[in-house]
Each structure stands twice: as structure tokens, then as C-alpha cells.
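> Just so we're aligned, residue 134 is where the sequence shown starts under our numbering, counting upward by one.
Note that these hints are calculated values from the structure, not bench results. Incorrect hints may have been included.
[Said to hold, decoys possible] Calculated pairs, BS3-like style, for lysine-lysine (alpha carbon to alpha carbon, straight line, at most 25 Å):
| # | residue 1 | residue 2 |
| --- | --- | --- |
| 1 | K163 | K479 |
| 2 | K453 | K514 |
| 3 | K445 | K514 |
| 4 | K575 | K441 |
| 5 | K543 | K466 |
| 6 | K575 | K464 |
| 7 | K576 | K441 |
| 8 | K445 | K479 |
| 9 | K464 | K441 |
| 10 | K464 | K445 |
| 11 | K209 | K466 |
| 12 | K479 | K441 |
| 13 | K464 | K479 |
| 14 | K543 | K581 |
| 15 | K464 | K526 |
| 16 | K543 | K526 |
| 17 | K441 | K336 |
| 18 | K445 | K575 |
| 19 | K514 | K464 |
| 20 | K453 | K441 |
Source: prediction; values computed, not measured.
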Amino acid sequence: MKKWAALVFICYSINSFPQLPVSPRFSELKGIEDQQGNTHLFYRIYSVEPVFLGAITDNSVYHFDLSNNSDTLYFKDKIIKSVSQSAIIVGDYDHWNNDPNLFIYGGAFIFEYVPHPEIYRFDGQGNFISGGCGGVVGKIKISFNDDSLIYAGIRDDFYPYPKCSIISTDGGWNWEGFSDDYVFQSILPDQDSILFAISKTSKTLYKTTNSGLTYYEVDTSAASPVTYFNYDPDGQHIYRISSSPFFSQYILRVSDDRGEPLTWQTSYVSSSDIYISNDQFTTGVIYLANNRNLYLSTNFGDNFNLVKTFNKNIVGIYKKHDSNLLYAATKHKIYEISPDSVQIIKSLPIPNDVLNIYPLPIDFELSQNYPNPFNPNTTIKYQVPELSFVTIKVYDILGTEVATLVNEQKPARSYEVEFDGSGFPSGIYFYQLQAGDFIETKKMVLLK
134 MKKWAALVFI CYSINSFPQL PVSPRFSELK GIEDQQGNTH LFYRIYSVEP VFLGAITDNS
194 VYHFDLSNNS DTLYFKDKII KSVSQSAIIV GDYDHWNNDP NLFIYGGAFI FEYVPHPEIY
254 RFDGQGNFIS GGCGGVVGKI KISFNDDSLI YAGIRDDFYP YPKCSIISTD GGWNWEGFSD
314 DYVFQSILPD QDSILFAISK TSKTLYKTTN SGLTYYEVDT SAASPVTYFN YDPDGQHIYR
374 ISSSPFFSQY ILRVSDDRGE PLTWQTSYVS SSDIYISNDQ FTTGVIYLAN NRNLYLSTNF
434 GDNFNLVKTF NKNIVGIYKK HDSNLLYAAT KHKIYEISPD SVQIIKSLPI PNDVLNIYPL
494 PIDFELSQNY PNPFNPNTTI KYQVPELSFV TIKVYDILGT EVATLVNEQK PARSYEVEFD
554 GSGFPSGIYF YQLQAGDFIE TKKMVLLK
């Protein structure tokens, strides 16, 4: 949330000081399940590259299809800040039928500091040019029940304040304004006519039950103009993350009666970003990430228990529905987390300046054995960032432990250990690193 607000502010600021480079890092993680139950992750990579009299800031969105391990650029998000400023900003996106190929996204094209809000479909340009409502499309949502009905909310063109709401009734090809006083935020999953919006004047949360004809205030706590909603499968509880008007506090508010007045309660507060994700098949269960910690609540956010602590701050989480899998991103890694293991499924290279400052490993890591397949010896490399009791064990295809390679306390550094398979038959084996709460497992093949 902070990153997006900062990007918008940068777009309209004039800064005569040279920009410092920022190496590529993950800045967001979201996900969907397609009709076949395959997981699709969407993440952003943030970087800053200094150029003459300015800098290029990139925060583009990428699509990671876990079913075939493909990774592609999804939406370009780039700010070119120089003598003549331009930018393409992606504020929000949604999908028809949870199909990653059927998307619509909104944001803005900015040229010489003037923003032009734009919305694009997967199969052509639905270029929206506002009539007196310039800014950035910060929210866009397809109706759950009518795929031709889409709502969007626009932020102010200078600072992230509410601006106006627009609607499309033909699947995103044509748009018209439907509110200048309230900015669309979310739509109730089971009823198209029930919307939530932020008031332009009070910055508080409002609700409409008649598609925006009339609104009434439901939560008087002031919030940022872009909030994040998750809906519990019980149809009653709503989880909402927002920040205070000056971005100094991040708040999780929970309603137990479809967002009605006097039903919103503060569940979690932090001075830094918080992220939530819940399972659409399990009521009351919600995951929350804040700083380096991952928490779980099984009672609608009434209280949270610590699940895991990472070595770097978390920048996004996604709970796979009807599953025990959770995905989390830190600055340089994306993890797949199950009750029994934590596996790194994608990494960004750690920049040399970080390695020079911190010559010791900055994260736990288990590398793929080499060679693989092997006969009869193979080498396994691993690293620990802090003093830890480390075990590395080898299991056969049935899950039976066949060897223990490491079983002792290790100081922070990188290591390698050799596995001798001369006494074992050909086949698939698994090796597992466990160090404190960190567990990672990889597969290797002995081929004689």
C-alpha cells in the first residue's frame, strides 16, 4: 500500500536531487485459482534506475503459472522521471471466471505530469478518457453475478485522495460516471447492488444497497482512499485493510454483519503494511502478514497466533483455496508454505551492494543437488543466516529416512555436504533441510 502511494506521489513531484538505484525486489503478491484448480500468482518487481536528470522506476506485474512453471510479464508499470515526465501505472486488475487470460486492468497514462485514467481489456483497448475526472484508476472489480457489469474507482491526480466512480455495463468497453461524491472500493460477492465506497469529504466508509443511488455511512474511522477487502465464505464477515489519512498507521477492521454500521471492529494495528488472505472454502480462517511475521486466526480475526517468522519483511501473501498451501513473498524470494515444509519457488538475485554490506547469508536456502541425476555421489549446498541447529536427512520414495547428513548446530555461513548413494538402489530420493522453523525439501535421482 505504501509503495503504490509513493509511486503516485513521485509521478507528480519534481525532484532535482539525483535518484539512488534500487535493485529489483518483490513488492506485491496476489493469486487466483482457475477453473481446473491451478494456482496463478501475480507479483510485482520494483526497481529504480538513475538516468540523466531523473530516474526510471519500474513496478511491473508478472504472472507465475505454477501448473507449468511459466513466468511472464503481465502488465508494464513504469515511471520515467526526467525533463519530460511520463508513466504507465497499473492501479488494479481483475479476471473473468478466474481465468488469467481474461483480464481487465485500470491505471493511468501520464505525460508531462498530466494523468489520463485508462482501462484495458485482454482483447482490446477500452481506453477510458474521463470527462473532468482525471487521475489513476485505483480499484476495478467485475461483478460476481453479471460479467458485463464492472465498477471502478479513481484517485486524485495529484495526491492519493478520492476522486470519482465509474461504471461499465458492457464488459469494460464503455464507461460513464455514476458518482462524484463517493469513490468505489468493493462489491459484495452475492449481490451486485451492494457496494462500498470512500467519501470524498470525510474519507470514511460508506455503503449503498441500490447500486450507488444513495449511500449511508457504515464506518466512521478515517481511512486511505484505496482499501482492501476480503470476504469470508459465511457471507457475513468482511475483512478490510486501510491506512490512516497520512499513512502512519495500518489497520485491519472486521465487520460481522455485511459491513453495516456499528459492526466494524479493529482487529489489528501496525505502523507498517499488513497483508491478509483467506480461504473461500473455510469460514473464520484468515492469514495476516506484518513485517517478518506470518499469523493465523481461526476466529474471524479476533486473535492471531504466530505461524512463522521470516528473515525479511513480507510484501504479500496468498492462501490457495481448499488446500493447506500458502504463498508468501519477501523482497527476494517467493515461498510455498505447507504445514510440513517451506520451499522457495522463485528467487531474485541478491544485489552485490547487499552482499558487500552483509557478507554472511541473509536467508535460509537449500540448493538443488549437483549433479542430478547422480551416480553414486552428489553435493548438496545450503546456507543459514544465523546460529541454528541444522539437520539434513534423506528419504526414499516411500518417505522412509535412509540417511542423516547433518545433525548439529551451525553458525551463519554457506555449507556443502556430500551424499554417497553407492549403498542404495536407483530411484527417486528426497533431501530435507530443517533449521529452526525453516523446512525445505528437494528431490534428487540416483541413476546407476
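> Please work out if K479 and K441 have their alpha carbons no farther apart than 25 Å.
Holds, because 19 Å separates the two Cα atoms, which is no more than 25 Å.
> Taken at face value, is the distance from the CA of K466 to the CA of K209 at most 25 Å?
Holds, at roughly 21 Å.
> Hint check: K445 vs K575, CA-CA at most 25 Å. Holds or violated?
Holds. K445 to K575 sits at ~22 Å (cutoff 25 Å).
> Are the Cα positions of K445 and K479 separated by 25 Å at most?
holds (15 Å)
> Does K441 lie within 25 Å of K575 when you go C-alpha to C-alpha?
Distance ~20 Å between K575 and K441 Cα, so the pair holds.
> Does K453 pair with K514 here, judged by a C-alpha cut-off of 25 Å?
This hinted pair is violated, its Cα atoms lying about 30 Å apart.
> If you draw a straight line from the CA of K163 to the CA of K479, is it 25 Å or shorter?
The given pair, whose Cα atoms are some 14 Å apart, holds under the 25 Å limit.
> Holds or violated: K464 with K445, Cα cutoff 25 Å?
holds (7 Å)
> Sort out whether K441 lies within 25 Å of K453, counting only the CA atoms.
holds (17 Å)
> Taking only the CA atoms, is the gap from K445 to K514 under or equal to 25 Å?
holds (21 Å)
> Within a Cα-Cα threshold of 25 Å, do K514 and K464 meet the stated pairing?
holds (22 Å)
> Hint check: K464 vs K526, CA-CA at most 25 Å. Holds or violated?
violated (29 Å)
Checked against the numbered hints given earlier, the structure breaks hints 2, 14, 15, 17 and satisfies all the rest.
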